[in-house]
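**Q** Spelled out from the first residue to the last, the chains are:
Number of protein chains: 2
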Amino acid sequence: MGDRPPREPAHRRRRTTTLGDGVRRGLRPGRGPGGEGDPPVTEAGYTSNGKPGKGTSPPPPSSWSSSCHTLQESLLSSASGYSNYRGILNWCVVMLVLSNARLFLENLIKYGILVDPIQVVSLFLKDPYSWPAACLIIVSNVFIIAALHTERRLAVGSISESTGLKLHVFNLAAILVFPVVIVFIVPSLTPVGGVLSLGVYTVLFMKMYSYKDTNRWCREIRQAQVKRLTRSNSCPSVAQSNGRAGQAHVSYPGNLTYRDMYYFVFIPTLCYELNFPRSPRIRKSFLMRRLFEMLFFMQLLVGLIQQWMVPTVQNSMKPFQEMDFSRMVERLLKLAVPNHLIWLFFFYWFFHSSMNFVAELLQFGDREFYRDWWNSETVTYFWSNWNIPVHKWCLRHFYKPMLRKGVNKFMAQTAVFLASAFFHEYLVSIPLRMFRLWAFMGMMAQVPLAWFVGRFLNGNYGNAAVWISLIIGQPVAVLMYVHDYYVIHYGTPA
Amino acid sequence: MGDRPPREPAHRRRRTTTLGDGVRRGLRPGRGPGGEGDPPVTEAGYTSNGKPGKGTSPPPPSSWSSSCHTLQESLLSSASGYSNYRGILNWCVVMLVLSNARLFLENLIKYGILVDPIQVVSLFLKDPYSWPAACLIIVSNVFIIAALHTERRLAVGSISESTGLKLHVFNLAAILVFPVVIVFIVPSLTPVGGVLSLGVYTVLFMKMYSYKDTNRWCREIRQAQVKRLTRSNSCPSVAQSNGRAGQAHVSYPGNLTYRDMYYFVFIPTLCYELNFPRSPRIRKSFLMRRLFEMLFFMQLLVGLIQQWMVPTVQNSMKPFQEMDFSRMVERLLKLAVPNHLIWLFFFYWFFHSSMNFVAELLQFGDREFYRDWWNSETVTYFWSNWNIPVHKWCLRHFYKPMLRKGVNKFMAQTAVFLASAFFHEYLVSIPLRMFRLWAFMGMMAQVPLAWFVGRFLNGNYGNAAVWISLIIGQPVAVLMYVHDYYVIHYGTPA
Numbered sequence: 001m002g003d004r005p006p007r008e009p010a011h012r013r014r015r016t017t018t019l020g021d022g023v024r025r026g027l028r029p030g031r032g033p034g035g036e037g038d039p040p041v042t043e044a045g046y047t048s049n050g051k052p053g054k055g056t057s058p059p060p061p062s063s064w065s066s067s068c069h070t071l072q073e074s075l076l077s078s079a080s081g082y083s084n085y086r087g088i089l090n091w092c093v094v095m096l097v098l099s100n101a102r103l104f105l106e107n108l109i110k111y112g113i114l115v116d117p118i119q120v121v122s123l124f125l126k127d128p129y130s131w132p133a134a135c136l137i138i139v140s141n142v143f144i145i146a147a148l149h150t151e152r153r154l155a156v157g158s159i160s161e162s163t164g165l166k167l168h169v170f171n172l173a174a175i176l177v178f179p180v181v182i183v184f185i186v187p188s189l190t191p192v193g194g195v196l197s198l199g200v201y202t203v204l205f206m207k208m209y210s211y212k213d214t215n216r217w218c219r220e221i222r223q224a225q226v227k228r229l230t231r232s233n234s235c236p237s238v239a240q241s242n243g244r245a246g247q248a249h250v251s252y253p254g255n256l257t258y259r260d261m262y263y264f265v266f267i268p269t270l271c272y273e274l275n276f277p278r279s280p281r282i283r284k285s286f287l288m289r290r291l292f293e294m295l296f297f298m299q300l301l302v303g304l305i306q307q308w309m310v311p312t313v314q315n316s317m318k319p320f321q322e323m324d325f326s327r328m329v330e331r332l333l334k335l336a337v338p339n340h341l342i343w344l345f346f347f348y349w350f351f352h353s354s355m356n357f358v359a360e361l362l363q364f365g366d367r368e369f370y371r372d373w374w375n376s377e378t379v380t381y382f383w384s385n386w387n388i389p390v391h392k393w394c395l396r397h398f399y400k401p402m403l404r405k406g407v408n409k410f411m412a413q414t415a416v417f418l419a420s421a422f423f424h425e426y427l428v429s430i431p432l433r434m435f436r437l438w439a440f441m442g443m444m445a446q447v448p449l450a451w452f453v454g455r456f457l458n459g460n461y462g463n464a465a466v467w468i469s470l471i472i473g474q475p476v477a478v479l480m481y482v483h484d485y486y487v488i489h490y491g492t493p494a
Numbered sequence: 001m002g003d004r005p006p007r008e009p010a011h012r013r014r015r016t017t018t019l020g021d022g023v024r025r026g027l028r029p030g031r032g033p034g035g036e037g038d039p040p041v042t043e044a045g046y047t048s049n050g051k052p053g054k055g056t057s058p059p060p061p062s063s064w065s066s067s068c069h070t071l072q073e074s075l076l077s078s079a080s081g082y083s084n085y086r087g088i089l090n091w092c093v094v095m096l097v098l099s100n101a102r103l104f105l106e107n108l109i110k111y112g113i114l115v116d117p118i119q120v121v122s123l124f125l126k127d128p129y130s131w132p133a134a135c136l137i138i139v140s141n142v143f144i145i146a147a148l149h150t151e152r153r154l155a156v157g158s159i160s161e162s163t164g165l166k167l168h169v170f171n172l173a174a175i176l177v178f179p180v181v182i183v184f185i186v187p188s189l190t191p192v193g194g195v196l197s198l199g200v201y202t203v204l205f206m207k208m209y210s211y212k213d214t215n216r217w218c219r220e221i222r223q224a225q226v227k228r229l230t231r232s233n234s235c236p237s238v239a240q241s242n243g244r245a246g247q248a249h250v251s252y253p254g255n256l257t258y259r260d261m262y263y264f265v266f267i268p269t270l271c272y273e274l275n276f277p278r279s280p281r282i283r284k285s286f287l288m289r290r291l292f293e294m295l296f297f298m299q300l301l302v303g304l305i306q307q308w309m310v311p312t313v314q315n316s317m318k319p320f321q322e323m324d325f326s327r328m329v330e331r332l333l334k335l336a337v338p339n340h341l342i343w344l345f346f347f348y349w350f351f352h353s354s355m356n357f358v359a360e361l362l363q364f365g366d367r368e369f370y371r372d373w374w375n376s377e378t379v380t381y382f383w384s385n386w387n388i389p390v391h392k393w394c395l396r397h398f399y400k401p402m403l404r405k406g407v408n409k410f411m412a413q414t415a416v417f418l419a420s421a422f423f424h425e426y427l428v429s430i431p432l433r434m435f436r437l438w439a440f441m442g443m444m445a446q447v448p449l450a451w452f453v454g455r456f457l458n459g460n461y462g463n464a465a466v467w468i469s470l471i472i473g474q475p476v477a478v479l480m481y482v483h484d485y486y487v488i489h490y491g492t493p494a
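The listed protein sequences derive, respectively, from chains A and B. Going by my numbering, the first residue of the first sequence is number 1, and it counts up by one from there. Going by my numbering, the first residue of the second sequence is number 1, and it counts up by one from there.
What the hints contain is simulated information worked out from the structure, not anything from laboratory work. Among these hints, one or two may not hold up.
Identical chains share a label here; the pair holds if one copy fits it or two copies do between them.
Unchecked claim - Computed list of lysine to any residue pairs in SDA-like fashion (alpha-carbon distance at most 20 Å, straight line):
(1) K110 with K318
(2) K110 with P319
(3) K400 with A419
(4) K409 with P187
(5) K166 with G87
(6) K318 with Y481
(7) K227 with V180
(8) K409 with S122
(9) K227 with V97
(10) K110 with M323
(11) K400 with H149
(12) K318 with K400
(13) K110 with E322
(14) K284 with L361
(15) K400 with Y85
(16) K400 with L418
(17) K318 with M441
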């Protein structure tokens with residue numbers, strides 16, 4: 001042991017160097033028997049050997065046998081000012097990897113390989129000759145064109161603002177209601193297909209809402225220009241022409257084209273503006289990497305769900321029927337891990353890979369699709385940073401307008417959570433064709449949670465609390481829905 | 001959302017401040033509609049708005065609607081020089097706690113509460129009227145006294161060095177052989193009792209070995225003094241008298257007393273010296289804390305073993321009989337977690353609580369019973385820092401003497417591992433009354449492992465490798481022995 005000098009951890013040098021030195025000599029017999037000759041200075045601060053010169057002079061043959069103990073504290077007792085535990089982080093990582101490896105192995109042994117791409121396809125279409133979801137999505141163009149033409153009429157002033165508003169409201173309402181109707185009258189539409197198409201329609205709703213607002217604002221600005229010509233150069237639409245050097249600049253009525261509209265429909269943002277920041281060029285390598293990630297994580301997600309989620313959920317049906325509490329908790333925690341991993345992969349797949357891929361393809365410049373929510377120390381910070389497109393939309397078209405109407409902040413915030421809760425419920429209940437309020441309540445529960453965490457926890461505790469709410473919160477909702485879905489469709493769950 | 005300014009993570013300020021500023025304004029509608037008015041400077045470095053003064057002057061009613069996008073990269077893409085993932089550490093901790101909580105709950109559901117103090121007692125004595133282990137330990141005094149008297153004879157020169165050496169060798173051999181004989185002729189001695197008493201005897205062996213060496217060295221020094229009086233004051237035994245102020249100083253022949261001997265026997269070190277560093281006083285509070293820890297961890301260890309280890313081990317018997325490889329690995333990983341936790345608790349209990357308790361009680365000054373092995377980046381560093389008393393002994397009485405005899409370092413190191421391997425085997429095989437070489441091979445495997453890690457891995461990888469070898473290595477050996485023990489004593493394992 002210790003024949004070569006071991007890498008000295010930093011603290012040694014920090015602590016009494018003479019001690020470290022003595023110890024190191026002790027560890028290194030290569031220095032010859034003289035090494036331990038001079039008793040090192042201890043933390044107590046006195047030398048166990050009076051004569052300073054001794055270390056240098058050649059020691060007598062057996063002096064190394066003299067003293068091999070020094071007065072000192074153990075590292076872990078508070079008396080020794082020691083605090084270097086970087087090894088512990090590695091320990092955490094190793095333990096996590098090993099225990100999850102075991103879980104995965106156990107799962108393989110128990111169920112064999114369940115991954116099956118064919119099954120995935122069948123989720124999308126029961127009958128391979130009818131593609132309800134696809135058709136539904138294609139039909140959505142109608143509403144886009146409707147919105148565009150309404151705006152054109154408004155631009156030329158052939159219809160009044162109020163009429164335009166009515167048309168828009170009708171159009172937006174139709175966007176939300178139409179898919180619901182379809183889902184209920186077309187039984188061949190599977191839950192997965194339903195979620196997809198409803199997702200598309202929800203996104204479309206928010207985009208169209210932003211579209212109408214922004215255009216209205218432009219009209220207001222145009223009128224403002226007409227009124228106070230003096231300040232005309234402070235009109236952003238004009239102002240921006242100075243900035244966007246080298247790019248064709250669009251100002252108000254000129255933006256009402258199919259090209260502009262569809263560009264807005266496809267780029268990964270929900271907030272319309274006349275002149276989006278554009279990235280200078282399409283980086284091929286970047287594009288390829290994102291594409292690879294998209295495909296890879298797609299496979300991974302499907303695999304994890306089939307191999308890990310499905311069996312775990314099925315196993316947890318029984319305890320939930322019997323309301324066996326301790327087993328329910330155990331199942332819940334067991335489900336929490338895969339569910340959380342899947343959520344993390346999904347986040348990366350959707351918000352980083354896919355959105356960046358599309359943005360790169362369309363040269364859309366603003367790639368801030370998420371901020372550093374993983375460091376969030378308050379629930380509020382998490383919700384306002386993990387999904388920036390939606391957050392931006394809520395801020396611009398929902399929250400601030402309310403504030404301007406004189407609603408106080410807490411009410412406005414709660415309203416935003418309510419809207420968000422509504423859409424969560426909308427995206428889950430309709431495709432599953434059953435109305436529970438789990439998703440809704442889950443979102444609304446964030447308000448008191450946010451208050452609690454913000455009030456009582458901060459720093460790493462706050463961060464940990466946010467993580468826990470993420471890891472535990474979701475599987476609860478998932479289990480609730482799956483349980484009810486089983487009860488409805490397969491009678492008593494297996 | 002985001003109505004109050006969220007705690008800004010450090011990196012924002014680090015990154016382009018203007019961007020951060022713009023974002024923060026964007027997040028804070030309280031600043032009024034003017035907030036988003038001025039498009040922030042992007043990382044690309046140009047303003048999407050030419051006029052600098054705009055932000056300050058009262059903006060036109062709808063200017064906030066102008067631009068809500070800026071040219072920027074996603075945090076996770078390498079282009080953004082972002083690297084703040086402190087949240088991940090909290091994530092690791094939360095995941096670890098949750099998954100182990102689940103394991104524990106699962107265990108409780110499966111087996112109920114297995115903790116049972118009575119059972120513990122029965123481990124020590126089958127027949128409450130015969131205490132073989134205790135008697136065996138009491139008998140050990142014979143050897144202590146034998147060593148002391150041999151030294152006394154040697155001191156006065158009534159026997160020659162060679163005779164003294166013979167007597168010591170005989171005495172030391174007896175210390176190792178005697179308990180083995182007893183274990184085999186007294187069937188009522190349980191494995192646990194056997195391990196305890198053999199442990200005591202092993203410690204005693206090392207102490208007595210150190211005792212004889214140190215005294216011999218002192219005699220050599222005394223002769224050296226007689227020969228060269230000029231350098232007499234460089235004799236450490238005298239030299240130390242200057243240092244140890246206020247303490248009664250002992251020089252060579254004067255140390256051969258019962259009091260001195262038994263003090264050495266009871267203090268937590270294996271290396272004898274004439275004048276141990278003494279702590280100035282007994283700190284009551286420190287003593288009480290260590291005592292509490294001792295009792296608490298004792299209970300915890302017993303509980304964990306009964307509740308977690310025993311059932312897991314029993315479950316893993318079947319796969320090991322059937323040599324079902326994948327299940328064997330799964331069982332192994334399942335066993336690794338509790339085994340590792342128990343080892344960690346044991347380490348703290350033995351090397352920190354117990355040793356500090358005894359040392360405090362006996363005012364023994366040198367509390368370095370372990371160094372920061374948890375940061376060790378090489379296997380060598382781990383082995384030379386996790387158990388300092390043994391390491392010190394090996395260095396002083398085994399490794400250095402060999403080097404002085406001209407053995408090269410690698411050979412000497414291997415020899416140390418061999419000795420260590422022998423004692424590991426000795427402490428396991430004898431009490432279990434069966435001779436497998438698992439422990440022996442386990443220790444010897446450290447030599448190639450040390451070479452490999454030192455050669456190919458360093459930094460955190462080395463550290464992780466050491467952790468893995470600890471977490472995985474031990475349960476392998478444990479399973480091997482338990483398996484064989486079952487096969488022998490209960491025929492086919494349950």
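**Q** Indicate, hint by hint, whether the structure satisfies it.
**A** Outcome of the hint check:
1. Taking identical chains as interchangeable, the C-alpha atoms of K110 and K318 lie at most 20 Å apart whether they share a chain (18 Å) or sit on different chains (16 Å).
2. Within a single copy, K110 and P319 get their C-alpha atoms as close as 19 Å, and across copies as close as 14 Å, so both meet the 20 Å cut-off.
3. Taking the shortest alpha-carbon separations for K400 and A419, only the intra-copy value of 14 Å comes in at or below 20 Å, while the best inter-copy value is 76 Å.
4. For the homomeric pair K409 and P187, neither the shortest alpha-carbon distance inside one copy (43 Å) nor that between copies (80 Å) is at most 20 Å.
5. When the C-alpha separation of K166 and G87 is checked against a cutoff of 20 Å, the pair qualifies neither within a copy, at 65 Å, nor between copies, at 47 Å.
6. In this assembly of identical chains, the alpha carbons of K318 and Y481 lie at most 20 Å apart only when taken from the same copy (15 Å versus 39 Å across copies).
7. In the homo-oligomer, the alpha carbons of K227 and V180 never lie at most 20 Å apart, since the shortest distance is 45 Å inside one protomer and 107 Å across protomers.
8. Within a single copy, K409 and S122 get their C-alpha atoms no closer than 47 Å, and across copies no closer than 68 Å, so neither meets the 20 Å cut-off.
9. For a Cα distance limit of 20 Å, the shortest separation of K227 from V97 qualifies neither inside one copy, at 67 Å, nor across copies, at 65 Å.
10. For the identical chains of this complex, K110 and M323 are inter-copy neighbours only, at 17 Å across copies versus 25 Å inside a copy, given an alpha-carbon limit of 20 Å.
11. In this assembly of identical chains, K400 and H149 lie within 20 Å of each other by CA distance neither inside one copy nor across copies; the values are 27 Å within and 93 Å between.
12. In the homo-oligomer, the alpha carbons of K318 and K400 never lie at most 20 Å apart, since the shortest distance is 47 Å inside one protomer and 66 Å across protomers.
13. Taking CA atoms no more than 20 Å apart as the test, K110 paired with E322 passes between copies only; the shortest distance there is 17 Å, against 23 Å inside one copy.
14. In this assembly of identical chains, the alpha carbons of K284 and L361 lie at most 20 Å apart only when taken from the same copy (9 Å versus 72 Å across copies).
15. In this assembly of identical chains, the alpha carbons of K400 and Y85 never lie at most 20 Å apart, being 47 Å within a copy and 31 Å across copies at closest.
16. Taking the closest pair of Cα atoms, K400 and L418 come within 20 Å of each other only inside a single copy of the chain (16 Å); across copies the shortest separation is 75 Å, beyond that limit.
17. Taking the shortest Cα distances, K318 and M441 never come within 20 Å of each other, neither inside one copy (24 Å) nor across copies (47 Å).
Of the hints listed earlier, those the structure fails to meet are numbers 4, 5, 7, 8, 9, 11, 12, 15, 17, in rising order.
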